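Student: From first to last, the protein sequence lines stand for chains A and B. Here full-length UniProt numbering is used: the first residue of the first sequence is 1, the next is one more, and so on. Here full-length UniProt numbering is used: the first residue of the second sequence is 1, the next is one more, and so on.
Derived from the structure by calculation, the hints contain no laboratory data. What you are looking at is a predicted structure, and each value in this text was computed from that prediction instead of being measured. A virtual CB, placed ideally from N, CA and C, is assigned to each residue, including glycine. Any given hint could turn out to be false.
Said to hold, decoys possible - Short derived list, chain A residues pointing at chain B, Cβ under 8 Å: (1) Arg20; (2) Arg24; (3) Ser31; (4) Arg33; (5) Ala99; (6) Leu101; (7) Val146; (8) Thr148; (9) Asp151; (10) Gly159; (11) Ala182.
Chain by chain, the residues:
2 protein chains.
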Amino acid sequence: MPARVDHDARRREIAEALWRVLARDGFGGLSLRTVAAEMGATTGLVTHYFGSRAELIDHALELLHARTDASLGEADVPLGRASLRTRLLAVLPTTGEAAELSRIWVGFWGLAIVDAGLSAREAARYERWRAWLRPHVAAGWPEADVETSVDLLTSSTHGLVVQALFDPDRFGPERLEALVDAQLARLGG
Amino acid sequence: MPARVDHDARRREIAEALWRVLARDGFGGLSLRTVAAEMGATTGLVTHYFGSRAELIDHALELLHARTDASLGEADVPLGRASLRTRLLAVLPTTGEAAELSRIWVGFWGLAIVDAGLSAREAARYERWRAWLRPHVAAGWPEADVETSVDLLTSSTHGLVVQALFDPDRFGPERLEALVDAQLARLGG
Chain A
1 MPARVDHDAR
11 RREIAEALWR
21 VLARDGFGGL
31 SLRTVAAEMG
41 ATTGLVTHYF
51 GSRAELIDHA
61 LELLHARTDA
71 SLGEADVPLG
81 RASLRTRLLA
91 VLPTTGEAAE
101 LSRIWVGFWG
111 LAIVDAGLSA
121 REAARYERWR
131 AWLRPHVAAG
141 WPEADVETSV
151 DLLTSSTHGL
161 VVQALFDPDR
171 FGPERLEALV
181 DAQLARLGG
Chain B
1 MPARVDHDAR
11 RREIAEALWR
21 VLARDGFGGL
31 SLRTVAAEMG
41 ATTGLVTHYF
51 GSRAELIDHA
61 LELLHARTDA
71 SLGEADVPLG
81 RASLRTRLLA
91 VLPTTGEAAE
101 LSRIWVGFWG
111 LAIVDAGLSA
121 REAARYERWR
131 AWLRPHVAAG
141 WPEADVETSV
151 DLLTSSTHGL
161 VVQALFDPDR
171 FGPERLEALV
181 DAQLARLGG
């Protein structure tokens with residue numbers, strides 16, 4: 001009798017291959033065929049687990065969200081400046097792993113921006129991010145306009161991610177940290 | 001005798017179709033076949049002018065840069081706060097046309113982020129953008145740290161573009177203008 005296939009292990013193996021394709025070639029390079037090639041398997045094996053490119057993209061997003069949430073650390077931390085600073089720094093590409101995650105995010109934006117359903121999911125994710133920031137801003141900067149501060153912190157952090165990915169020589173870890181501190185220092189203004 | 005083909009007119013026609021494909025489907029949807037279909041022409045007609053998808057992408061970038069530069073207005077304006085504010089507002093998706101241009105840029109990032117050559121070109125473009133901002137910051141905010149201010153203005157403006165594209169209801173033209181003014185008000189801090 002043939003050995004019983006461990007379906008969970010196989011799905012994990014596909015997920016790892018999918019992630020490597022995303023990190024190297026972005027969403028533009030993601031297909032049933034390229035994931036299969038990355039595993040050295042047949043396309044048929046991948047379609048046994050993911051019936052279409054759309055299902056593969058759904059799974060890629062699940063992985064992207066799970067890995068991003070893990071990279072952000074605990075959500076339930078003391079309110080205020082220190083926790084907020086830690087969270088913003090966690091978003092920036094200060095390590096190779098964080099840069100890989102950010103590259104996949106920027107690639108996802110390119111996909112989502114022309115897809116109404118994915119755009120709506122991304123808008124909802126932004127709102128959850130702002131909901132996390134609000135009480136930290138209110139606690140850390142009692143004099144600040146919370147919504148304005150939350151929008152500017154979100155903008156400057158994400159815009160900095162993009163600049164840093166394209167120009168890592170200018171935006172090394174120390175420079176990124178200094179820029180986050182400069183933006184935080186301007187929060188009460 | 002057949003009518004002489006106007007090659008310049010034909011190239012312009014292809015460029016217009018290419019732009020419509022980009023605006024609707026992003027770089028992921030751009031190919032010789034999709035541009036031909038958009039024109040109601042054969043793929044052979046398009047390949048007569050653009051030999052490969054790479055050539056089509058090169059031309060898309062030329063158009064993207066030319067239309068972006070045109071949207072930014074005159075480069076040679078009086079130094080200082082008013083000119084800087086005008087330039088930042090021109091980047092934001094406050095009109096349908098500006099939103100279309102921004103959507104194509106965000107899609108381009110997704111392509112460039114996994115392509116070393118395109119990443120280097122984007123880094124160089126960012127440096128030209130900073131070179132434009134520097135004397136305006138120095139003239140308008142003599143007490144400010146120019147490099148920090150230039151990096152934060154660039155980050156917050158581009159990050160705001162992304163948020164606004166995904167959530168135009170939250171980020172209408174008035175809100176975008178207020179956020180640019182809030183960031184500018186914090187520049188000297």
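Student: Can the hint on Thr148 (chain A) be confirmed by a CB-to-CB distance to chain B that is less than 8 Å?
Tutor: holds, 5 Å
Student: Would the stated hint for Ala99 (chain A) survive a check requiring a Cβ distance to chain B of less than 8 Å?
Tutor: It is violated, given that the least Cβ distance between Ala99 (chain A) and chain B is near 10 Å, above 8 Å.
Student: Does Gly159 (chain A) meet its interface restraint, that is, does its C-beta lie within less than 8 Å of any C-beta in chain B?
Tutor: At 3 Å from the nearest chain B Cβ, Gly159 (chain A) passes the 8 Å test, so the hint holds.
Student: Classify the hint on Val146 (chain A) as holds or violated, based on whether any CB of chain B lies nearer than 8 Å to its CB.
Tutor: violated, 12 Å
Student: Using Cβ atoms only, decide whether Ser31 (chain A) comes closer than 8 Å to chain B, and label the hint accordingly.
Tutor: violated, 11 Å
Student: With chain B as the partner, please determine if Leu101 (chain A) meets the hint condition of a C-beta pair closer than 8 Å.
Tutor: violated, 12 Å
Student: Can you verify the interface hint for Ala182 (chain A): is its Cβ closer than 8 Å to any Cβ in chain B?
Tutor: holds, 5 Å
Student: Would the hint on Arg33 (chain A) be counted as holding, given a Cβ-Cβ threshold of 8 Å to chain B?
Tutor: Since the shortest Cβ distance to chain B is 16 Å, the answer is violated.
Student: Could you check if Asp151 (chain A) really has its C-beta closer than 8 Å to a C-beta on chain B?
Tutor: holds, 6 Å
Student: Should the hint that Arg20 (chain A) touches chain B count as held when the rule is a Cβ pair under 8 Å?
Tutor: violated, 12 Å
Student: Checking hints one by one. Is Arg24 (chain A) an interface residue toward chain B, by the C-beta closer than 8 Å rule?
Tutor: holds, 7 Å
Of the numbered hints stated above, those contradicted by the structure are hints 1, 3, 4, 5, 6 and 7, listed in ascending order.
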